[in-house]
Amino acid sequence: MSSTVAPLRPDDRPPLNLTGKKSRQRSEEVIKYALIACALVTLLTTVGIIGVLLFEAAKFFAEVPIWDFLSGTTWTPLFAGSQQEFGVLPLVMGTLMTSLVAACISLPLGLAAAIYLSEFASERARSILKPVLEVLAGVPTIVYGFFALTFITPVILEPLFPNIGTFNGLSAGIAIGIMAMPTVASLSEDALRAVPRSLREAAYGLGATKFEATARVVVPAAISGIVASFILAISRAIGETMIVAVAAGQSPAGQSGASNSVFDLMNSMQTMTGFIAYTFSSDVARDSVAFYSLLGVGLLLFIMTFGMNLASQWVTRKYREEYE
Amino acid sequence: MSLDAKSTGLATSVYSPRIGTRQFIGKVWRWIFFGSTALAIVLLGLLLWSIIEPGWSWLSWNLIANPPSRIAEKAGMNPAIWGSLWIVLGSGIGAFVVGLGTAIYLEEYAAKGRFNDFIQTNIANLAGVPSIVYGLLGLLVFVDLLHMGRSLIAGCLTMALLILPVVVISSREAIRAVPSSLREASYGLGATRWQTIWHHVLPAAFPGVLTGIILAMSRAIGETAPLLVVGGASQVLWKPDGLFSTFMVMPLQIYNWTGRPQEEFEHLAAAAIIVLMIILLLMNSVAIGLRQHFSKKARW
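First to last, the sequence lines map onto chains A and B. Numbering-wise (my numbering), the first sequence opens with residue 2 and increments by one. Numbering-wise (my numbering), the second sequence opens with residue 2 and increments by one.
Quick caveat, the hints were computed from the structure, so don't treat them as lab data. Any given hint might turn out to be false.
As the list claims (entries may be wrong) - Derived pair list, reagent style EDC-like, types lysine to aspartate or glutamate, alpha-carbon separation capped at 16 angstroms:
hint: 1; chain 1: A; residue 1: Lys131; chain 2: A; residue 2: Glu213
hint: 2; chain 1: B; residue 1: Lys75; chain 2: B; residue 2: Asp242
hint: 3; chain 1: B; residue 1: Lys28; chain 2: B; residue 2: Glu264
hint: 4; chain 1: B; residue 1: Lys28; chain 2: A; residue 2: Glu213
hint: 5; chain 1: A; residue 1: Lys60; chain 2: A; residue 2: Glu202
hint: 6; chain 1: A; residue 1: Lys33; chain 2: B; residue 2: Glu109
hint: 7; chain 1: A; residue 1: Lys33; chain 2: B; residue 2: Glu265
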């Protein structure tokens with residue numbers, strides 16, 4: 002019995018058009034441009050930040066010469082008349098001193114935690130310690146400020162330093178250090194874990210102990226990532242606002258009356274961010290020089306942190322060891 | 002087990018000098034590393050205790066239902082809870098739309114090249130800009146330039162820009178994790194690029210995107226500095242009634258109470274922190290739950 006297989010498509014039908022509707026192609030284009038517009042928002046944000054800060058800070062620098070601002074050693078923007086001075090150095094010192102304290106805590110502790118988690122910890126220890134660090138990283142900074150003011154100063158520092166002020170740079174620095182520690186730990190751990198196993202095994206093969214392999218092979222191999230995490234942590238410490246606003250006090254270093262030294266961590270030590278926050282929690286007239294001074298401070302703050310972020314990226318790129 | 006120099010009888014001093022001492026040093030360091038990590042647990046414990054101890058007995062219905070007041074016993078943060086809710090939802094939706102769009106563009110459309118690298122570097126830099134600088138941007142652009150005033154919408158937009166880098170970075174990772182075989186199969190069946198993304202890539206990447214957005218929102222709920230700049234520190238007695246209404250958020254209310262000299266307000270601030278931390282904990286558990294729920298389903 003012969004059977005003829007019916008052709009799938011009789012030839013008298015028009016050929017199939019698989020290119021789709023015209024409208025479909027047009028909407029493809031529209032969607033593409035909408036997505037580009039989204040990507041441009043991030044660019045616009047950067048342009049906006051730099052643009053408005055420069056533009057508004059220019060109004061401040063028209064009143065106060067930029068050199069007086071950068072080299073002056075007295076910061077009294079809220080005073081009247083001739084007592085009003087705009088020397089930013091005391092604020093910069095406040096920021097640097099609190100960040101230094103924070104770095105002394107967050108860098109060694111963070112790196113040690115990263116080494117432990119990456120090289121020594123068992124799966125079980127990791128599963129407990131890692132979430133704890135994540136929780137610490139997620140605590141709002143205002144809570145750290147509260148912790149510094151109501152716990153670190155009265156419970157921990159006062160017994161050690163009886164003369165310490167209610168508001169002081171030291172407690173704020175310690176709290177920032179605790180806040181920044183998980184950042185260092187997490188980023189450094191990523192860097193350590195990226196070091197290939199073969200490097201460790203080679204070190205063991207040459208007779209190194211676990212610690213020697215870690216300290217002399219693994220850590221040096223991951224050093225670019227570790228340094229990048231250090232720079233990022235310090236940059237975060239410089240930009241931290243609420244901890245210093247709550248705990249570091251509202252007079253710049255050396256101007257609190259209790260102390261004349263800008264290095265004195267025991268007394269009130271306003272930072273750059275602390276000044277900006279303080280200006281907004283007290284009502285300063287919007288058109289005053291005092292108000293515009295905070296844009297000068299904001300610009301300086303932005304330049305410092307932006308520079309450090311770029312440095313961190315540069316270190317990562319320049320000194321990264323590539324392993325295949 | 003370590004090789005003992007005497008038992009092997011070899012001239013072991015060459016490769017294992019003082020092995021006992023060296024291993025002892027290693028043990029000491031191991032404990033130092035462990036101690037540093039375990040210190041995190043101690044610190045978290047102290048942090049929680051320093052809040053729960055003064056705050057627990059001040060947790061009350063008043064705190065949630067009442068407006069702020071000069072009398073600590075009556076004071077609450079109802080407007081602040083509503084404000085936080087609005088800010089988190091508003092900024093979350095804004096950052097979700099723009100952030101996901103950016104991530105799709107960078108992963109699925111943009112050719113590898115200078116422009117793409119430039120946008121990436123830019124996003125990494127934005128993630129490192131201090132939050133108070135975003136506040137200044139919001140104040141000068143949204144509040145002043147666009148005449149929004151110290152309003153909820155200005156707060157939402159500022160916060161959306163602040164969390165945008167986080168959303169972009171996490172969404173990109175989620176999209177990148179979708180295997181290219183899925184896209185190729187879809188193209189093979191004649192789908193266009195957008196059809197492929199919409200029907201196949203996005204559903205597969207969605208859990209990761211969602212986790213990222215919830216984590217970003219939990220950052221937004223704890224941020225204080227930018228909203229201090231944009232919204233001001235003055236007390237707000239009513240919950241927001243529209244996009245242009247004034248607002249207060251929980252962390253700002255806590256800041257306000259912490260700054261007062263009376264001790265009762267310190268307790269009140271601690272109680273408010275407990276509420277804030279519980280909300281944060283809930284948001285994070287949802288994010289973790291989603292991640293685990295979906296990671297079991299999707300396996301490639």
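Query - 16 angstroms limit on alpha-carbon distance, applied to hinted pair Lys131/A and Glu213/A - result: Given pair Lys131/A, Glu213/A is violated - Cα atoms ~24 angstroms apart, limit 16 angstroms.
Requested in this report: Below or equal to 16 angstroms on CA atoms is what counts here, so check Lys33/A against Glu109/B.
Outcome: Within the cut-off at roughly 10 angstroms; holds.
Query raised in the report: CA of Lys33/A to CA of Glu265/B, is that 16 angstroms or under?
Result: The given pair, whose Cα atoms are some 56 angstroms apart, is violated under the 16 angstroms limit.
Requested in this report: Given the hint that Lys75/B pairs with Asp242/B, test it: the Cα-Cα distance must not exceed 16 angstroms.
Outcome: Cα-Cα ~23 angstroms, so violated.
Query raised in the report: Is Lys28/B within 16 angstroms of Glu264/B, Cα to Cα?
Result: 47 angstroms, violated
Query raised in the report: Are the Cα atoms of Lys28/B and Glu213/A separated by 16 angstroms or less?
Result: 11 angstroms, holds
Report task. With a cut-off of 16 angstroms on the C-alpha distance, tell me whether Lys60/A and Glu202/A pass. Result -> 61 angstroms, violated
Checked against the numbered hints given earlier, the structure breaks hints 1, 2, 3, 5 and 7 and satisfies all the rest.
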